[in-house]
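Peer 1: Here the protein sequences line up with chains Z and F, keeping their order.
Reminder that position 256 of the first sequence reads as 256 in the working numbering, one-by-one numbering, no gaps.
Reminder that position 246 of the second sequence reads as 246 in the working numbering, one-by-one numbering, no gaps.
Hints in this document: simulated from the structure, not taken from any laboratory.
Check the hints yourself; a few may be wrong.
[What the hints assert, rightly or not] Among chain F residues calculated to face chain Z with C-beta under 7 Å, some are:
#, residue
1, 31
2, 37
3, 79
4, 250
[To be verified] Covered by chain Z, per the in silico footprint, the following chain F stretches (three or more residues, Cβ under 8 Å):
#, segment
5, 16-30
6, 164-172
7, 197-204
8, 280-289
Virtual Cβ for every residue (Gly too), placed ideally from N, Cα, C.
2 protein chains.
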Amino acid sequence: MERILATYRIGAPESESRARAEALAAEQSVEMPVAAIGDERVLRETVATVESIRAQAGCFEVTLGIAPATTGAEASQLANMLFGNCSLQPEVELVGVEFPAGYEKAFPGPRFGVEGIRAETGVHGRALTCTALKPQGSTVEHLAKLAHAFALAGIDVIKDDHGIADQAPHPFAERVPAVQEAIDAANRETGGRTLYAPTLSGGSAALAAQARLARGHGVRMALVAPMLVGLPAFVELRASLGVPLMAHPAFAGAVRIAPPVLLGTLFRMLGADATIFPNHGGRFSFSRETCLAIAGNARAPWNGMKPALPVPAGGMTVERVGEMLSGYGADTMLLIGGGLLSAKERLLDRSREFVRAVRTA
Amino acid sequence: MERILATYRIGAPESESRARAEALAAEQSVEMPVAAIGDERVLRETVATVESIRAQAGCFEVTLGIAPATTGAEASQLANMLFGNCSLQPEVELVGVEFPAGYEKAFPGPRFGVEGIRAETGVHGRALTCTALKPQGSTVEHLAKLAHAFALAGIDVIKDDHGIADQAPHPFAERVPAVQEAIDAANRETGGRTLYAPTLSGGSAALAAQARLARGHGVRMALVAPMLVGLPAFVELRASLGVPLMAHPAFAGAVRIAPPVLLGTLFRMLGADATIFPNHGGRFSFSRETCLAIAGNARAPWNGMKPALPVPAGGMTVERVGEMLSGYGADTMLLIGGGLLSAKERLLDRSREFVRAVRTA
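This is chain Z alone, in the form it adopts within the complex (with noise of 0.2 Å):
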């Protein structure tokens, strides 16, 4: 099989180029002097090659080929080969990867993708709608009520918070029948198809209990942090779970892996159906150009591999609506939170003016 190619950013004088690229390509293989290395075959099959080095300002970029058998097929050791000993050299950046074809069949990506969301919301020819259920520390009927509210005005997924997970104000096991139940009614009333995802947080076992518990109360969908269960943790709830999985990126953004490699390219490849990114303009500090590179790398046609559903959020607006489906297009969830909740009693309202914003774009 052909390398992975990896591209890193280096901020280091261009008269050390060479010799950097050489040292990162034992760094991130080897890691060991290659003089040392006396086995003809190791030196051939397993030590990363240096593709290419480009002379940028103030710094270069240097493209590694590994070995895709380096990686053993497994997300712990992917994530190793591509940052793991390079993480800890802050003047080094992974800023891009190409998989070789056939390298898909080891992590075959989401299970839903795009269509797989629109056949359980049935939402078709349209942006989806997304909000969240907030604060943390609420009671479990407070946050039960808020979700009956938004899905009767129509919003099509309904995530927790990704500060709720399973504390004593509201333990997965109450809150999640009594939320879901919420909706449900709500869908009964309105003739919707509302989903709820919970936060799934923890070890294995608490992964699994919480997905069995989920699945009996007919929980349709699921919000984990890749970065904060592991991505190992992510890729074992993408062949177990049977819902789709919404990834969050708590935990990710500081990795100096750049945001559309790690939420658009890896998250998809490990499994994610949608994945959660902070929108240009919000509180966070992505360009708009990063945004739009997450959702290309979320959607790219991939050898087959299902393409997953961009969801910009992050101190979003029902004002920049129109703004962000010019701009992401309509296979695109959007997701306001604190700008719904911030309209306390008018919270019904502006939920329906969302939903009519988007269904009228």
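Please build the complex by placing chain F on the supplied structure of chain Z, with the hints as guidance.
Peer 2: Showing chain F alone in chain Z's frame:
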């Protein structure tokens, strides 16, 4: 219970410090406009508090009081509350964390700690020695031969390179019995007690299978990268594995959590008996001050929690043994990998020089 005190460095003008501090307090707890929260109990018990703001050169530091209940006594949610969303804000770093008395009951720290590792290796009154089997891609026979030589030389702990996982050239199920047997043979010859620490990696099913196999072959230590397998998986291993855990920093250095906090305090709290970090003056850029702070946090008194063994590594040489030990003291394990392998046919001699340098320091 008192609050968790988390200190963030924010790279923004000091004139914004109050507004930024309050925004961060909302972001890391309720993640919505605080003005839109009607529940007095949530305002009092859930919203993070701004405990202090301190101006610094070109930035400021904010200490938040995070409610322990929001972390749900679970590792992924703790990471979420400490650095989930603000990981997406490049100007924010987590530089310090203090837990209230009693919080450590949720995360009881190392099972073995420094004394447990001393008991396993039989090493008392001096620092320990460690080396690594490399490069990945080698045959199992080669790795076993290396391990035999290192053990003959009297090195205390022989770990897999962190890049050696469960890949085709050296599948876990073939490599681990062969390497352990090679070390056992050398131990019988020398009367020594050298330990082997193989890399455990992958999802929960893979980790459980590897742990079972390793224990079945008499393995008495394991190497795990918490940020690669996921923090909750690391905590589960702490509970189930039954041998000392050595934490590897791969994928960890980049998360803008100060290394003394992540590799010292947090890895120890989650159960690391030993913690590897890149030593100053090697091929990584950690300062001497940072390295001593990691070692300090790994060993500091903490309500009865066992200390973890600091393991400085990364481009180290036998010539630096004296200097390293004078800095770190005897409750330390020095890790030299490539520096021994570079000796090629003189590997056994060079390893003996390393052992002698530490024993006579």
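Peer 1: Indicate, hint by hint, whether the structure satisfies it.
Peer 2: Each hint, compared with the structure:
Taken as an interface hint, residue 31/F checks out: its beta carbon lies about 6 Å from the nearest beta carbon of chain Z, inside 7 Å. Interface restraint check: residue 37/F against chain Z, minimum CB-CB distance 6 Å, threshold 7 Å, status holds. Here the hint on residue 79/F is kept, as its CB sits about 6 Å from the closest CB of chain Z, short of 7 Å. Because the closest C-beta pair between residue 250/F and chain Z is about 3 Å apart, less than 7 Å, the hint holds.
Only when three residues or more bring their CB closer than 8 Å to a CB of chain Z does the claim for the segment 16-30 of chain F stand; here the count is 4, and the claim holds. For the segment 164-172 of chain F, the stated coverage by chain Z holds: 5 residues have a C-beta nearer than 8 Å to a C-beta of that chain, and at least 3 were required. Check result for the segment 197-204 of chain F against chain Z: holds, 4 residues qualifying (beta carbon to beta carbon below 8 Å, three or more required). Using a Cβ-Cβ cut-off of 8 Å, 4 residues of the segment 280-289 of chain F lie near chain Z, which meets the minimum of three, so the contact claim holds.
No hint from the list above goes unmet by this structure.
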